[in-house]
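**Q** Join the two chains, each given in its own frame, into one complex according to the hints.
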Amino acid sequence: MQTTGTGTSFRPEEAYAAAAERFFDLMKTFGVSAGTTPDWKALTAPLAAQFERWLQMSQSAAPWFHPAAQGAPGGFGLGAAPAAAFGPLPLGPAALQGGQVPRTFELLGRLAQLQAQLAKHWSEIAGTAAQRFIGRLGTAAAVPTTPQQALKLYELWVKCAEEAYAATVHREDFSRLQAELTNTSAALLDEQRQQAETLVRGFGLPTRSEVDALHRQVKELRQQLAELQAPRAARADTTEASTQAERNTPRKPPRAARKRPAAKRTRAPRPRR
Amino acid sequence: MKAPGTADGAAFAELTLQVSEALARLGAAREVQVGCSLKEAVWSCGKTTLYRYAPLVARSRSRPLLICFALVNRPYVLDLQPERSLVRRLLEAGLDVYLIDWGDPDDADRHIGLEEYIEAHLGGCIRHLRAQRGGERLDLLGVCQGGVLSLCYAALHPDAVANLITLTTPVDFHTPDNLLAKWVRGLDTALLERCGNVPGELLNGLFLALMPLRLTQQKYVRLLTSRPDQRTVEDFVRMEKWIFDSPPQNAAALAQFVRWFYQENRLARDTLAIGNRRVSLQEIRAPLLNLYALEDHIVPASASKALGDYIGSRDYTGCAIATGHIGMYVSRSAGAEVPGRIIPWLAQRS
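Going down the list, the protein sequences come from chains A and B. Per the numbering used here, the very first residue in the first sequence carries number 297; after that it's consecutive. Per the numbering used here, the very first residue in the second sequence carries number 2; after that it's consecutive.
One thing to keep in mind: the hints can contain errors.
Unchecked claim - Here are the computed lysine-lysine pairs in the DSBU-like style, where the Cα-Cα straight-line distance is at most 30 angstroms:
| # | chain 1 | residue 1 | chain 2 | residue 2 |
| --- | --- | --- | --- | --- |
| 1 | B | Lys220 | A | Lys416 |
| 2 | B | Lys220 | A | Lys448 |
| 3 | A | Lys448 | A | Lys324 |
Unchecked claim - Just some of the chain B residues that point at chain A, by a computed CB distance under 8 angstroms:
| # | residue |
| --- | --- |
| 4 | Gln19 |
| 5 | Gly28 |
| 6 | Leu188 |
| 7 | Cys196 |
| 8 | Gln349 |
In short, the hints are calculated from the structure, not lab data. Beta carbons are placed, not taken as given, at the ideal position from N, Cα and C, and that holds for glycine.
Bound-form chain B, shown alone (with noise of 0.2 angstroms):
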């Protein structure tokens, strides 16, 4: 690959030839592997799929810890490469670690609403590793969106979460600098949903569209000119999968997001409903620790941390990390500064 531009003056020339030699290898990075842990299929429902991870030690923990992604993105961004996975953390730590991978919906999929993700997916998952344990309260992990999800179904069913973890999680969407509400606050959500499932694509393209130099300009620039080699550029390609590999988005879960959280923040003015039964954040009385970014441009730390405003459990911890929204699964800070905070903070709770 060709780097464009000619070279005239000195500066202009180098960064022509360093430019050109990173294209290069990013070219050659094309086919690099994401996710690296072995895991296996244990349960599904519908194109929801329940996985295990295989241990990577003796168990340490007997409970398993079950960690609900997004609906919006893929869930191998918390298990990327070895030296960038949090599941790989906490396996080497000896906890028995599941993950719910969502799918790819389908039309056939478009009607597929909140309740049906909270309570028969979710749920489903819940219930089948309960089942397996004689009805054993299990460890819940919930990213962004999906700590959503894992709250309320933490609220709906106390009794079937023993220590609860939300990770980037948004709950007050109507804090001033959340951008993306903003966007949103005037969509009409019925005629959205009329128009049917929404493909991965546009959702980055509205995220994007947040940061727009820095997130599709600046970051580039600076990997090509920073002479990097080809392990750094692989890296850097696994991460640029994972953002622009975004499953689409069925139509009625999608709407209702934006309507009750987005538009109408109910959560956060409790007044939430999933199924004619009430949501409240009063109702988790599960030891809560709640784990958010300084720098989310997605879900601002003003929405994540007003959590310990609402919530019923006298057992909450707080806890702000300095990086961003995607930094918090794949940077090396927090590679390091997330598990060390899980990894205790369920140690120190049976």
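Just chain A, with the same shape it has in the complex (with noise of 0.2 angstroms):
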């Protein structure tokens, strides 16, 4: 018997103490700290740069190529690998073929290309997230005096910033952006693999394409393993069914010791012809 394990991946202080750290940014941002009433319309500004701020950096892990990340909290987002992550092999260039490098440094270029278009959706968000926010509140809202009128504004605030990206994240070109940012990443990990392949090539180690053709012809000829057997366990299967089957049928006491009152037994009556 087994009890369920855990994974090793999880970190969770760093993340709960980002997010604390975070929401006392804000309420500092809104003048908790201070105890003094802000001028509300001057906060959309600051607010919308510390959102915008949080949605970049939100943004830059990414663990699928940047395996020192991985786990990192506080990380989100879909192929927006920082293209730092895809520097040219530590063996170095000499031993890469001519055609590959430029090919790299156009996805490399075009992945810079992307970003900066994130980065624009990022600040909308952020701007539209900020004057939502600070036009619900209305400028005569007063400072918050205790926990929970602070907390009451942080609802607000994640409400309002939730609004503004889901408005922006639900849009085609958002969608499309997303997409394009994870097929030129994978992109630049497939070009990276194919140089590294030259590399092993050249020092006679096996390379993941030839792995795959050897795990393809395995596979076939586990199908054919698996077609030849398949009449012989059919057959198999039956038996042990009926077999079961019968095992699980009550079965009748052996006729030696069924109690057989002879003297009690009645018939059914003959149908009369």
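**A** Shown next as structure tokens:
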């Protein structure tokens, strides 16, 4: 018997502490720490800037391509790997074939362009969120004096920010951009893999393509074996099933052990002809 | 652990204190255990293991109930702790519960496609259980992506499944509120497949990006400022452990899932084929209970609800529950409502 184990990449304290830190930063922006009512309208720009920074930072973690960042808290997003993650291979450019390097740089350039476009979306989301929040708050709002009031303010901020975020990320242009970012990142990874294959081939080591080809062969052989074994397995299954069914069926006791009070036996009347 | 920031205003000082206390409790809860019911491995295929749960009471139903969870998360969320365990509620009702754990695919599994998962792994589990019981049909409970796999299997092998239950299972992937579908529609799945297995962290990142502030900030702030007791904190940490404990996804199956379902919506369009065999939801004749969450941000209710429009079974029950995707497995309200729907529904059907 077993009970369930746990994963290894869980580092909760960092995520909790980071969330707490951002919460207190926000409270300071709202003037909670100073106890003075801020000029709410004037807060639009710093609030937007703060949110934009957070969106950019959150999107920078890309564990698929960045093993060192695996499990890092706060990171989310699809295919938003930083361009720096795709530097030249550590074994040296001399080992690469000439045509591969320009393609890599072309992809790096494209990735940088796409990330710039993404940054524009973050800016737009952050600006809209801040305006929405200040608009709903009204200029006469007082600075929170109790934790409950401060939390109410925070909840309103999250609501406005999520609404602004949803309005942008559901759009067709944003969805296309996300997909293109992932595709470009994947193309870079693929390109680097091809470069690595060129290198390992030089050392007589097996490449991914060769391992894949072997895997396909093994799979085909397994399939052929399964097809050859299928009729025998089907026969065995039928026998097993019927044996099992037989076992599950309550059996009559052996004839010798049955009680047969002959005197009390009655026969069903025969139908009259 | 020390909360960041300094306390000047009274409200700020009080919040700082609350957060410090909660952070200390969170630190103490780090090693909390997840999963509570005893189970035994009874069959395996590759990385996939079929478990049978030890009974808690005398069995009231001989037919086994097989739970098929998603490939993208770990199934122990269904048995997180005694008070939050769908598995335990089912066991307490006398059901004979089995669970498929897909395990951690590694690089050697990168070419395993959906056909193999459905026919060899899920199918292997079902064949094993049926062989143990003289070919008797079983009850199948598919969860999320596991629900999609279950629907495919039930459509391909209608004689194998007596009753089918789907939980937060997407069927129509192109409803307007499906953000995930919008984001992945333009993905180059062939390229994705060439890049190899996808770490679980990447998919997690994708799910968090659907509502980033709520899922990576507000959730923590709410806990930290709510003066939680140690038990509340431990419950919270169990959930966090599950959320961030995602297995890697093998390349072929993930690419196929994205292309066939998210991009081409083959299940709803009735154009799906697995291993050259057409998969039509019309072929599913078994009674079907479809449970879906009204506030689901990963599988919108509209995506699940659509099953009723496509299914061939005449005995279909759709049931909306007022919770979110994960809430469906662990929230206190759904913790009572979900088994409360499943158990009598099964009891009414042979």
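**Q** Which of the numbered hints above does this structure break?
**A** 8
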